[in-house]
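Going down the list, the protein sequences come from chains A and B. With the first letter of the first sequence counted as 1, position 154 gets the number 154 in the working numbering; the numbers rise by one all the way through. With the first letter of the second sequence counted as 1, position 113 gets the number 113 in the working numbering; the numbers rise by one all the way through.
Hints are computed from structural coordinates only; laboratory data are not their basis. Incorrect hints may have been included.
Identical chains share a label here; the pair holds if one copy fits it or two copies do between them.
Only pairs whose alpha carbons sit at most 27 Å apart, straight line, appear in this in silico DSSO-like list of lysine-lysine [what the hints assert, rightly or not]: (1) 48 - 132; (2) 125 - 142; (3) 142 - 44; (4) 121 - 142; (5) 142 - 132; (6) 142 - 48; (7) 132 - 221; (8) 125 - 221; (9) 221 - 121; (10) 124 - 221; (11) 124 - 48; (12) 132 - 38; (13) 48 - 221; (14) 221 - 142; (15) 221 - 38.
None of the values given here were measured: they were computed from a predicted structure.
Listed below, chain by chain, are the residues.
There are 2 protein chains.
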Amino acid sequence: RIRTGGGMQGILYASPISTCSRRVMCVLQEVGADWALKPIDLGKGQQKSAEMLAIQPYGKVPAWHGADGFMLFESRAIMQYAAQGSDLVPVSNTERAIMDQWISVEYSYFAPDFLQIYYMKVLKKVSLDEMKIQAHRTALEKTLDLLEGRLTSSGLPYLACAAFTLADLTYMCYFAQFGACELLDTLDDRPALAAWWARCAGRPSWEYIMANRMCEERIAKE
Amino acid sequence: RIRTGGGMQGILYASPISTCSRRVMCVLQEVGADWALKPIDLGKGQQKSAEMLAIQPYGKVPAWHGADGFMLFESRAIMQYAAQGSDLVPVSNTERAIMDQWISVEYSYFAPDFLQIYYMKVLKKVSLDEMKIQAHRTALEKTLDLLEGRLTSSGLPYLACAAFTLADLTYMCYFAQFGACELLDTLDDRPALAAWWARCAGRPSWEYIMANRMCEERIAKE
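Pulled out of the complex, with its shape left as it was, chain A reads as follows (with noise of 0.2 Å):
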C-alpha cells in the first residue's frame, strides 16, 4: 500500500506538550511525512497571534500549512488527511467504521471527562473538586469498560483491527497523563487495555513524539 503521508511536507503550528498536537505529530510520524514544527507557545498566548489566527480561526492548534499551500485545522481532520491511503486507516469498510466508531466515542465521551480531570489535576485550569472529580473519574471507566470489553471480545491486539490505527492512535496523547492525572490504577484491572496501552507507548512514532530531541530536530528554520 502506498503511504500518501510519504510524500507529505509541510509545517505543523503546534504545541510540543499539548494534546492535540502531539495526535498529529505522532500520525505525520507513523507515515513517514517530511515535516517541520513551527512551536506555539499557549502560555504566551500565540496561538491568538495575527500569524495564527490567519491559519486557524479559532486561536488554538495544531494547524497544518503544506510546502504545496494546502491549509487545514482541527487535530482530528489533520489526523484523517495525514492518515489518508496509508496503514493507519484500514482498507476494509466495516473496520474503518469500526475505527471511526472509536474515534468518536473519544471524541464523545472519552474527552470531555477526561479533560476535566486534566484541566483540574494537571494544566490547573480548572480548580480542583474532588468530587467533581470523582464523577468524571466514574464516567471515564465506563468507557475504560467499553474499551476492555472491545479488546477481550475481539481478541485482537488493537481497537479497529489486527493492526494499528487511527483508533488506537487517538487515545495515545490521554493515556500519556494517566500518571499525572492520577488514574493509572484504572488499569489495574483491565489487563487488556494495560496490554494495548503498553503496546501503543512503545511505538517509535509515538516515543520519539515524546522525547526532548523531538523538538530540536524538527524545529522549523525561520
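Since chain A is already given, all that's left is putting chain B on it; use the hints.
Below, chain B alone, put in the same frame as chain A:
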C-alpha cells in the same frame, strides 16, 4: 462511481425528531440504502432499554444494525460508513480533508453552542437564561461568519467542494431548527450561507426525512 450505500441494508434505531438521528437518516436516503426505522421514543427513555444498550452502550440514538449483522453506533461514524464510496465523499484527498475539517468544526464549535440554545428554547431541558443564550449566540455567530467566509471566498455552492458532501449534511439538522431557536435572523446578513441553506433544505432526501409519511413508510415490521 459506486454508491456503496446502494447495497446497504439494515435497521436504524433512531428517533425521527432527534438531530443526530436525522443526520444519519438523510445519508441513508442520499446513498439509496435499503433501510428500515426502529423508532426509539426518547421521552419514554426507550434508548436505555436492554435491547438498545446492547447495540448502543451509552443509551443514545442512533445505532445501526445491518442485515449482514454489522453493528455500529455514533452518528458521525455511521454517516461516514454509509457514505463511503458514494458521491457524498470527495475523491480528492484535499477536498475530503476540507470536508473533515468542517465536520470537526461542527462538533467542536458549532454544536456545543447551538445545542445549549436548542436545549433552552426548544427541548426545555435547561432552564431559560437569556444572558447565556446571548453568549452562545455570539459564539455561534463566529462560526456562521467562517461558514459564510468559506462559501464566499471559494465561490462554491457547498462547503467542501462543488458537490454536496457530508460537510453540508452534518449541519442541516441544526439549521432546520433555526426558526424554533429564534436564530433565523442570523442569516439576514449572511447571504451565501442563506443561499446554501436553501439549497440544502430543498434536497429530496432532506424533505423526505422531515415529512410525516417518512416514519410510516420506513417503520420496521416487527
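Which numbered hints turn out to be false for this structure? 7, 8, 9, 10, 12 and 14
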